[in-house]
Amino acid sequence: MRTETNLNRLLPLLGLAVLLMASSFSAGCGSEAPSPGTETLTLATADGLTRTYRRFVPTGYDPAEAIPVVLNFHGFTGSPDAQVGLSLLEPVGEAEGFVVVHPQGTVAASLGETFWNNEPGPPSVDDPTLNVDDVAF
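Per my numbering, the sequence shown runs over residues 24 to 160.
Label pairs and their in silico Cβ distance ranges:
1) A89 - G60: 17 to 27 Å
2) A56 - D150: 38 to 48 Å
3) G108 - T152: 23 to 33 Å
4) N141 - L66: 15 to 25 Å
5) G135 - E55: 28 to 38 Å
6) T75 - L111: 20 to 30 Å
7) A132 - E88: 39 to 49 Å
8) P86 - A132: 39 to 49 Å
9) S133 - L66: 20 to 30 Å
10) E136 - T73: 16 to 26 Å
11) P151 - P59: 35 to 45 Å
12) F99 - A159: 17 to 27 Å
13) P151 - E88: 34 to 44 Å
14) D150 - D85: 43 to 53 Å
Bear in mind the hints are in silico, worked out from the structure with no lab data behind them.
Just so you know, even glycine gets a beta-carbon here, dropped at the ideal spot from N, CA and C.
Please model the entire structure based on the sequences and the hints provided.
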């Protein structure tokens with residue numbers, strides 16, 4: 024498959040910043056089929072936070088067909104928009120027919136920078152923003 028070949032060449036260049044989901048994107052994942060293009064969206068999470076993410080849907084998207092989804096995480100201090108420029112995955116998604124989702128990390132009050140909390144531990148009394156459950160997000 025052409026997409027797998029190109030992604031196999033691209034993934035080593037991006038390191039751990041990209042995770043190819045085994046599931047696929049289809050109209051059944053929301054109330055309405057998304058329009059092709061780029062949008063910044065919000066999501067209310069179970070822990071009561073409102074999180075944002077950037078979503079790119081290729082022009083040829085057909086809601087009747089499932090297509091691959093790539094989650095593209097920014098690094099420490101990053102943002103979805105910066106990650107778009109670093110990874111250049113949206114043009115590849117357009118050419119190869121996959122959705123790209125760029126989630127936004129949390130800004131830690133004590134750090135003043137965005138981060139991902141991949142192992143929520145005991146609550147931090149000093150900085151409650153460090154307790155965010157990014158695994159659930």
